[in-house]
Structures are given as structure tokens and as C-alpha cells.
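Protein chains: 2
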Amino acid sequence: MEQSFLAWLRGRQANLPQVKVGIGDDGAVFVPQAGKELVLASDGIVDGVDFLADQHSLAEVGRKAVAINLSDLAAMGAEPAAILVNLSLPTRSATEIAAACYEGILEICDQYQVAIAGGDITVYDGPLAISVTAIGHVESGQAWLRSGAKEGDSVLVSGAFGGSLLGRHLRFTPRIEFARRLRAIGGVHAAMDVSDGLSLDLDRLCASSALGVELDMEAIPIHPDAGPWAEQQGGTLLEHALGDGEDFELIVAMEPKAAQRAMAAEAALPEDVRVPLTKIGTLTGRTGLWMQKTGKLERLSPSGYIHGEQ
Amino acid sequence: MEQSFLAWLRGRQANLPQVKVGIGDDGAVFVPQAGKELVLASDGIVDGVDFLADQHSLAEVGRKAVAINLSDLAAMGAEPAAILVNLSLPTRSATEIAAACYEGILEICDQYQVAIAGGDITVYDGPLAISVTAIGHVESGQAWLRSGAKEGDSVLVSGAFGGSLLGRHLRFTPRIEFARRLRAIGGVHAAMDVSDGLSLDLDRLCASSALGVELDMEAIPIHPDAGPWAEQQGGTLLEHALGDGEDFELIVAMEPKAAQRAMAAEAALPEDVRVPLTKIGTLTGRTGLWMQKTGKLERLSPSGYIHGEQ
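Chains as they are written, first to last, in UniProt numbering: chain A, 1 to 310; chain B, 1 to 310.
Hints are computed from structural coordinates only; laboratory data are not their basis. Where hints are given, some of them may not hold.
Because identical chains cannot be distinguished in the list, a pair is counted as satisfied if it fits within a single copy or across any two copies.
No more than 30 Å apart at the CA atoms, straight line, and that leaves these computed lysine-lysine pairs for DSS-like [stated by the list, open to error]: (1) 257 with 36; (2) 20 with 293; (3) 20 with 150; (4) 279 with 257; (5) 20 with 296; (6) 257 with 150; (7) 293 with 36; (8) 296 with 36; (9) 293 with 257; (10) 279 with 296; (11) 36 with 150; (12) 279 with 293; (13) 293 with 150.
Here chain A stands alone, though its shape is the one from the complex (with noise of 0.2 Å):
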């Protein structure tokens, strides 16, 4: 099926100037964009693991492999610009499940002019399985590192947190055009998404850069999901926001007079547009993470997913 399935791969896709030859061929050739670098991220899922194939939409999953993929861009502030794609389909109805997986791939590719540039399939004896690899631009120097965190930051995050498995962990939308509108304003020192836990993740961004934070436990945004998810799961709804994950929201290290420029711009942007943006604390140069408690300060155990225990 594989070369009838690209062929047909290849009639759907828009023509993007930055892939000047695209599926078909041993590789693709991609155009960079001249004293620009590239940030390169990749990450798979699997059914069963990130999603459930009997229950979802496989266009919703085909979206969610691009969408990971897009945040992680957005968390570097670069542009995408192409995707690769490897299939691994489960011999039964393998054609069809790629078929409805690419409409969902080609859908988010379309919104975010994102050039797929490879697509390997391989039909196996295993669970449907998407791995891609995304590329974008970035000014040279400019991209976002989990490591360039300086002492008196703000803590900004983007959206709300908890309850993103009632559905939103497929449905959301990477923060591209929210990372764009940062970069205009400037003053950025450290950004990542959220994947597998607010506090553990930006326990990460803390270690990168040496530093630790103080954090406002009322300011932190929680989902309306976070709601219902903890009446079936038990636990408090802080607890959800904190260490459910897959929010895929940014949390982003900023100078605070950019930080207070960022939520002033944030919001005096149309609804359907703006994202919501709220400090929820200060970076120190003492390790850790740390909340405010009956007036002294007290440590808070990073709570999340983390890949591989099982």
C-alpha cells in the first residue's frame, strides 16, 4: 500500500516553498531560510499509551502526533515549517487507519502552512503507532532554552491546567501564534510546554537554569475540566492542575516589565484570539519549588507523568 498511499499523500498536500521536493523521492529538500537555524524536535505516540484507538478520533490522533510536536516548536519560539511522519499500522484495516489519521494531519499541516516533507509506513503486528519529527526557524541565537532562566523572572503560563484527559489532550492548540506574538514583544529568557506536569515540568526549566521559584498557589490557573476529572479520580482540583499534564500550555520565564507588557498586550486582544496569560510566581536563585503557607515558605514535591515507569 505504501506507494499507492503516498502517491495519493502527495495530490492532498499544498505546495510550500520550503520543501522543494517533497514525499517520493529517497529524501526531501528543504529550503532554511537564509542566517535562520532550525529547531528540530520529534516525538511519537502510541495507542494505548497516549490514546486509545477504539475510543477517539483517528483524525483527533493524527492531529495530537502533529500537535506535540508543533507545541514543542512553540516552546523553542520557532516558526514550523515541515513535518516528517512514520506510521507503524496494525495489519488489520492498516489502509483505512492511515487514511483517517492523515485527515487530521493534513488538517493541522493546512492551519499552519507546516509541509510534510516524508511519510514512511510499515504495517505490523503491534498497536497503531505515529512518530513525527517537526522542524522550524529561528533567528539565529534567539530560540527559547529551558536553561536561560534568570534570578527575579516572572513565571508566566499560558491557558489552564488539569482534566486535560476528558479530551482536551487532543484537541488543543499549540501555542504558535501565542509564541509569535512574545517574540514581537520580547524580553523572553526561558520557555517550555507542559507535557507531563505542570510542577514537574517547571521544576525542569528550574533545574536548566540553576535557579528555583516562588510560587503564587492562588494565581494558578485551573481548567474547568480539572472539575469533573477530579470527581472521578479523586484528589483536589490543585492537585490536577499541578501534576495531571498533556495541558501543552507554555510556561515561559520572563523579565518582568516584558512579562507585565505580555499580559497587558494579552489582553487587549479580542476574545476568540487572546490566550489567557497569569503570573503564577517569581524565579530565586534558591533551588526548588516553593509555596507561600500561613506566611512562611514551604517546599512543593513536583508531581507529573514520568515516561517509562510503569
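Given chain A, work out where chain B should sit, using these hints.
Below, chain B alone, put in the same frame as chain A:
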């Protein structure tokens, strides 16, 4: 295991200038060479389809996952620069399997000075699968496409064909250095690597260029492994050379005088460096594969491995 494993991997890797920020952030920062284009290739291998984890050395399996992608870069005339690796690991012994595969991945990356720019790991209820994306540099406009062959071009092949499943499919040399020498000679109009079968892949190259080929069947180089493999499987040596696949040699369409120069230059190299280079036919305007037989042309049906047919 993912975080600690990736930390181990970071420590094992050489620092290479093309990757400014490697594993450990949301993405890697890659510095493209000024004025060049990039070739992107992505291909995966799966236990039970492309190797047998209980029979093959996992280091060789890891090496193969990289080598098949380097072979694609060589077939495009590109110099490899970086790879990204997605490992899907069966739950049992996940860490040991990952470490064993990476022995081979690190070895071949070291050999060709390729940076590991990303390394995602998923533990799941399925067979070992390794998906690799490779990135290489090529002079602007100089990538070797399947579609560039011209009528009258000589068709050359590197190496010899058949019986690769006896073990060569795991241990082949991707033709990176050979491709570099061909670039220096010039006159290459089209190229591809043989993964699915010499006749099937040659037929694809011809179709992409809207040409056909007149083959000199006696010139087709048959690998010594074709003999024992034919004894096991039945069939003639030539049938195995034409259809076995996984040889990962190059088919090259070259301007005839440049082809002569290339064969002479290769033959003049020391034995441990040179790659056998053989002219097996000439490209013609009449599409399809053709062979001389008792004085007239007969059509040859392409044979090989069709992906996704089981």
C-alpha cells in the same frame, strides 16, 4: 526512565558544531550551513518485520535504523549532519534494550560525525520499533533526484546484490563516502538506494524520469550471499540479485563519460576503500525494464518487496 536515560545519552555523545543545543530541551537547535539545502529522510524498522530481536544483536539493530537513513541521504548526494531517534520499547527490559540499541546508534553516528539531536522514548505493549529522521546538507540545487535521469545515461550500481537477509541487511555500509567521490567527479543525473529490490527500485527510478532501461543482464553483480540464500529459498542467483532488496547499494544514472571516469577512479583506489562500480545498462526513451535475449529485447517484470502487503 526517559530523563535519566537521556542524561546518560547526552554524556555519551560528542559535541558537534552543527547542533548548538542537543537533547534535553523541547527541541534541538541545528545550524544549517550557509547557502546549502537540507535533505530530510525518515524511516523506521520494527521487530518481526525488519529484524528479529531474539536473533539479531540489538547494537546491529540500532545501527541499521540509522544506516538505512544515511543510505537515503547518500542516494540524494547529501552529507549527513544529524539524526533524531524515536524508540518504542516493549515494557519488559526497556532500559536494557534501549542501551543495547544505542550502542550501535552511537557507533555509527561517531563514525560519520552525525549528531543525535533528539531522542524520544516510549514504553508500550508492543514490539521494539526504532524510527529515525536524518538531516543532511547538499549544495543548493545539487540533490540527486530520481527524476533527473536523461536518455543515454549509463546506469551504474555500487556493490553486489542478493542474499542480504543472511546478515548484510544489518551490517551494510551506507554509501556516504562513495557518494562524496561521485559528487567530486560530477555528471550524476539521478540516484536512489536499493531497499526493496534492484529491479523494483530501478523501475521506480525509470518511472520518475519517464524513461526505460536496456539492461545487460550478465553484468548485474551478484553477491556471494545470493548462492547460499538461493539454496535455502529456491530460485536462481539472478532472481535473488534482482528482487531480494535490502542491499542498500546505490543505483546511479550518469552521463556516460563521467560514468567511465567514475569507474576508473574507483578501480584505482586501494582495495579497502574502493566500492565495486558496475555499468548494468543504458537509459532509453522506451519506458520499462528491457533485457537482450537471443538477439531481441524482452521485457523484464520488476520484482521486490512491496510495503504494506502481507
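task: Could you place residue 20 and residue 293 in one of the four classes (within, between, both, neither) given a Cα distance threshold of 30 Å?
output: neither (58 Å within a copy, 41 Å between copies)
message: If the cut is 30 Å between Cα atoms, do residue 293 and residue 257 qualify within a copy, between copies, both or neither?
response: within (27 Å within a copy, 81 Å between copies)
query: With identical chains treated as interchangeable, where does the CA-CA distance between residue 257 and residue 36 reach 30 Å or less: within a copy, between copies, both, or neither?
result: Only inside one copy: residue 257 and residue 36 sit 28 Å apart there, 40 Å across copies, limit 30 Å.
task: With 30 Å as the alpha-carbon cut-off, assign the pair residue 279 and residue 293 to within, between, both or neither.
output: within (18 Å within a copy, 79 Å between copies)
- prompt: Can you tell me if residue 279 and residue 296 fall within 30 Å by alpha carbon in one copy, between copies, both or neither?
  reply: The answer is within: 20 Å in one copy meets 30 Å, while 81 Å across copies does not.
query: Checking residue 293 and residue 150: alpha-carbon separation at most 30 Å within a copy, between copies, both or neither?
result: Intra 24 Å, inter 76 Å, cutoff 30 Å: intra-copy only.
- request: Could you place residue 20 and residue 296 in one of the four classes (within, between, both, neither) given a Cα distance threshold of 30 Å?
  value: Intra 59 Å, inter 41 Å, cutoff 30 Å: neither.
task: Evaluate residue 20 and residue 150 at a C-alpha cut-off of 30 Å and name the case that applies: within, between, both or neither.
output: between (41 Å within a copy, 20 Å between copies)
query: How would you classify residue 293 and residue 36 at a CA-CA limit of 30 Å: within, between, both, or neither?
result: Neither: 46 Å inside a chain and 56 Å across chains, both beyond 30 Å.
Within, between, both or neither: residue 257, residue 150 at alpha-carbon 30 Å: within (13 Å within a copy, 62 Å between copies)
- prompt: Which holds for residue 279 with residue 257 at a C-alpha limit of 30 Å: within a copy, between copies, both or neither?
  reply: within (12 Å within a copy, 69 Å between copies)
query: Between the shortest in-copy and the shortest cross-copy C-alpha distance, which are at most 30 Å for residue 36 and residue 150: within, between, both, or neither?
result: within (25 Å within a copy, 36 Å between copies)
Checked against the numbered hints listed earlier, the structure breaks hints 2, 5, 7, 8; every other hint is satisfied.
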